[in-house]
Structures are given as structure tokens and as C-alpha cells.
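Use these hints to put chain B onto chain A, whose structure you have.
These protein sequences, in sequence, are chains A and B. Residue 69 in the working numbering sits at position 69 of the first sequence; the count goes up by one each step and never skips. Residue 59 in the working numbering sits at position 59 of the second sequence; the count goes up by one each step and never skips.
With a Cα cut of at most 27 Å, we get these calculated BS3-like pairs of lysine-lysine: (1) A/150 to A/134; (2) B/331 to A/137; (3) A/133 to A/150; (4) B/331 to A/154; (5) A/93 to A/137; (6) B/331 to A/150.
Far from chain A, some chain B residues (derived; all Cβ distances over 10 Å): (7) 64; (8) 72; (9) 133; (10) 179.
Here's a subset of chain A near chain B, in silico, CB distances under 7 Å, partners left out: (11) 104; (12) 109; (13) 111.
The hints are simulated quantities; they were obtained by calculation from the structure and are not laboratory data. Quick reminder that beta carbons are idealized off the backbone N, C-alpha and C, glycines included.
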Amino acid sequence: MSAPLIDVDNLTIRFRTDEGLITAVENVSFDIAPGEVLGLVGESGSGKSVTAKSLMRLNSGNAEYDDTSRITLNVPGEPSLDVLSLKRERDMKPVRGGAISMIFQEPMASFAPAITIGDQMVEQLLLHTDMNKKRAKEISIEMLDRVGIKEPAKRFDQYAFEFSGGMRQRAMIAMALSTKPKLLIADEPTTALDVTIQAQIIDLMKDLVSEFGMGILFITHDLGVIAQTADRVAVMYLGRIMETGAVRDVIRRPAHPYTQGLINALPKLDDLDAPLTPIPGDIPSPLERPSGCVFHTRNPNHVPGSRYEREVPPMTEVSPGHFAALFPEDVPALQEPVR
Amino acid sequence: MLQFLQFATVRAAMALFTLLMVSLIVFTLMELVPGNCAERYLAFKNTQGSGISVADIEAEERRLGLDRPFLVRWGSWVGNVFLKGEFGDSCILRLNINDLLGDKFLISLGICLTALFLAYLIAIPVGIISASSNSALLNGSLRFVSYLGLAMPNFLLALIIMLVSTVVFGDSMTGLFSNEYRNADWSWARVGDFLSRAWLPVFILGWSATAFALQTVRALMLDEQAKLYVTAARARGLFGRRLLWRYPARHALGPIVNSLGFDLNRIFNELPIVALILTLTEAGALLLEALARSNDQQLAGAIIFLLTASIVAVNFITDIALALIDPRIRKSVMGGAA
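So that you can see chain A by itself, here it is in the shape it has in the complex (with noise of 0.2 Å):
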């Protein structure tokens, strides 16, 4: 097997504050193949953001990496890039719209609201690409063609304000891959829009990963897009994966108490009358972090005195690929006689 496009591993952010060093992120590791979608999934402030931003170094200034943290890109017929060792801005051109391209959770706010759409497009071109500025305008037009927007040549001189919701994600699609990066990362895509909206921007994300043949890291708060969309899907809480693998097995057989808690958490279009069952308590301030496992302070089943107080669990093995952060005598699967 060749290496995968992208190879986080054992990834720890902090972030200097007043208050002191925050942890946003911690431990994590995964990768990603070419043409894979990985779905990283988490509440707000688990650092599933943080995580996508520190790809392409767009972490603000104050966020510390630790030493023996990794991020290897590795482009077919390129030397592998060592990310995190990128010091200066110019040095950052590959993994910032180069190889990776990134669209964000709100269209509007993600294009400079005063410079048109194909002015923008245009200028990433030139920037990665040795064309002229008349063959960019061509591409950028052909691009906005790609993504559905209906008379591209007249929109490519449009501004932000004058494109839907919906259009301008579309538009800022067609942007990310005009360059043909090979990860696209997709920080909350479909938050912003409407549900019908989703379903066909979902629906182009996913025309466009087979023809480009690109990995996706597809970040959500919504495990139902992540069914439609995702290949393996990775679970976050406080800065660290609790469980990862493939999606049908963590969403048919999740391991994890948090897991199962999200999963409990989504209203049952056919049980309407079932009750919400949400995950007890709030997400506990970064600078009182829960020693041992960062969940055991919500887990529901949580046995007082247990040590997950006090140890951090291993990514065990539940069944092929796929991992949960217990310790190996809570795993259900490994408890039962093996038939």
C-alpha cells in the first residue's frame, strides 16, 4: 500500500493564553488515502476546527505544536512534506490552496465581500499556477460551469452579495478546486444551508471527489451527513479521538459511550414520540481538562473510582479497523467468547 496523501500523527495543540496554556488537541493521529473521505466528527470545541486549520498551518499565532507531533503530506510524484516544520509563509503555498484546499462553514463570510468572485478565483490560480490571467479567467469560468452555477462568465464578475446561500458555496467549491488540490478540506460545508441545499452540495461533493480522485476531511457536527458522506469517520471530544473506523461499523455498532451518546442524541424520524436523549452535562471548560479519559466526567456509565479517572485509555481494537479509546475489558466485542 502506498502512503496515505495525508499522515497526522500523534498531534498536540496548545495555545498560549493569558489564563495559560490550553489544550485544543491532543494525541491525534489518522491519515487519509487519495479518493478517501475521512468524516471528523465532534460538538463544538472539540478541536475538530483546530485540527483542520493545523493541515495548513492557519492556526493563529499564539497555538503551539508539540515535538513529537507530525504532519507528513505526501503527493504522488513529490517528496513528502514535513508540515509542521514550515516556518515561513511562502514555504506554507503547497498545503495552502497548492495540495489542500479548504471551504468553510459560512459561504458569505469566506469571500472578500468587496473584490468580485472571479477576481478571487483568479488570483489563486496565478498564485499556484504558472497560466496567464486569461487562461485562469477561462478556468475559473469552466469551474464555476462545473459546480452548477448557471451563466458562470456573467457571475465570475459578480460579488458575494449577489449569490445565494447556496451559490456561494457552490462558487467557494469551485474556487478550492480549481487548482486541483489533492485533499480538500471541508470545514462545516452544509451547516449554514438549507437541508435541500445540503443534499445537492453534498451530492457535488461527492461527483467531484471521483472525478478528481482527491481525499476529503469533511468536518461536521451532523452525523447524518456524515452517513451519506463519509468513508471512515473519526469521533472527537476535547481535543482527542475516542473512536474511529469505518463509517457503518461506528455508527451501527459504536463502542464508545460518547459515540453511542451522539447517536442517541439525533431525533428518530420514526419515532417521533421517543424523547431526545442528550449526553449528560456540558462540555467542561478547556482549562479544567478531566484527567485520565476527558469523557469520564459525562460518561453515564461512569463507575466512580474506575481508571479512567486517572489513565488514558488506548485506542483499542473493537473489530477490524476499528478503534474506540477504551481500556480492553470494556470493548464488548473482545469480551465475548470467540466463536
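Relative to chain A, chain B alone:
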């Protein structure tokens, strides 16, 4: 281009309408003061020792046309102001207001506009650089100079400068002209003399104005830099100066330009105190004199109207500049017609 001309025309018409409304308000305020011009003048005469009768007042009212209805009087005042640039006679001094004001208003406006222009000329680049710089030394010293400019009252600064220049140069630097040019006709030498002295009020007014503008620019820039589109632009590979000027700086410019009209008013309001200390003869001081001491509503109205007209003019210019900077404004005014 056509769209833009249309926009400019609409804005000009709106500015003209605003001016008309302002003239109505100013004129009404002038009229609201107890007693009319004839009564005040004759009351003033009375204090000088000449006796007056009701018949005198009525004769005076007829002479001044005060017996006509309100709207007619407003109409003739506005007509004279707009068409001939004439503000009529001062109520008390019985002098033509245009002669009375002379160059004073233009000089005041010139000082204020120069202070404003210099303030923004300095504040915009410095504020942008300061907002994007992490240098504690640069930001600390800028903050020190700004707060000093904001916190030190202008009259104190003026007094300090007067004291220093008297001790060091033997010239108190007061007045807008040195003695030999005070009543001379305008000539290049007089302009030179004026400029050699006018920089002082400009400097005094400009310091606090710059400090104010600098804080505004910095705050607006920090605001813009935190916006998602800047992160998105960085995510596309932009960095450094190109990112700074094309994204946050360019988008912060709109609100900065927007604050110009407001600042002109603020500077004009600060001018009289500085003018009083430096014994400048300028319109702001004249306005205070007319309002507070001699109760000369015609003169006060003329100055207020001229000041408002200047602010409306600055706002018209900033509107046009805003439209050039921000397509949202251009297109919102054009609306469906675009």
C-alpha cells in the same frame, strides 16, 4: 460608468435636499429666538441711550421685510444664500455678513480640513501597519503618543507651545498673521506668512485628530483581520503585504472614510478654544460670540449653515469615495435599476 454617474447624481441631489432641510432648520432656529431682528436691534439701540417707540419697531420690521409670512422670508433667505451666496445683514452690527465673515470661514475651514487631511494621511498607514505588527515597541509608543494626544486638552497644548516659543523664539506665535501682514491684501508673501503661522493650530488640532483616527483605524483593522474571509484568503496561499493591503486594509477603508464627516465636525468644534488662546480670528470664535454675547442670530445662522454645508459636502465626497471602494454601496443605491 453610466451607473456611477447616476449614483453620483442621486447623491448630489440628496445632498442638495439635505442642505435645503438644514437651511429650513437653521432659519427656524433663528426665528425661534425671542423677539425679531427689529426688536433686538432697537433694544440694542436702547441700551446705547436712544429711546424707541412701537412705531419705530414696526417701521424697522417693514424695512427688513419681517412682516411677510414665515415661508416667504425663508424662501428669500434661501434664495439669496443658494443663488447669490449672500447671507444678508447682521442684525445687530448692521453690516453685511459676507463682509463680516470675510475670509474667516474659509481660513477656519482650511485649518480644519488640513488638520483632518494630515490626520488621516498619517493615521491610515500607521494604523494599518500597527494593527498587523506584533512589535511591542511600535505599538506601545504609538499608544503612548495617541493617548497623550487624546488626553491632553488642546488648550493646554496650545499654552505649552506658546510658552516655549515665547521663551525660545521671543514670538508667542499667536495670531494667524504677523503684524506687518495683518491688514495687508492677499499676496504670496502674506500666504507665506499665514502658512508659517497656521501650522500651529493645524498641529494642535491634528494631534488629537490623528490620535483619534489612529485608534479608529487600528480597531477597524483588528476587526477586519479577525474575519473569516482573511483566513480564507490565507488558506488560498496569500500572505504578507499582498494579503494585508488587498484584504483587511482594503475592506477597513470603507468605515474609515465614513468617519471623515464626523471628524470634521469634531475638529471644528475644537477650533474656537485653540483660536481663543492663539488669538486667531476665525469663524468658530465668531459663532460663539454671535450666539452667546451679541445674540446675533443672522450671523450665527450663517456660520452654522456654512459649517453644515461643509459637512454635507465632505459627506458627499466620502459617499462617492465609499462607492468607489465598496461595490455593495454602489449597487444598493442603484437598486433594481442596475
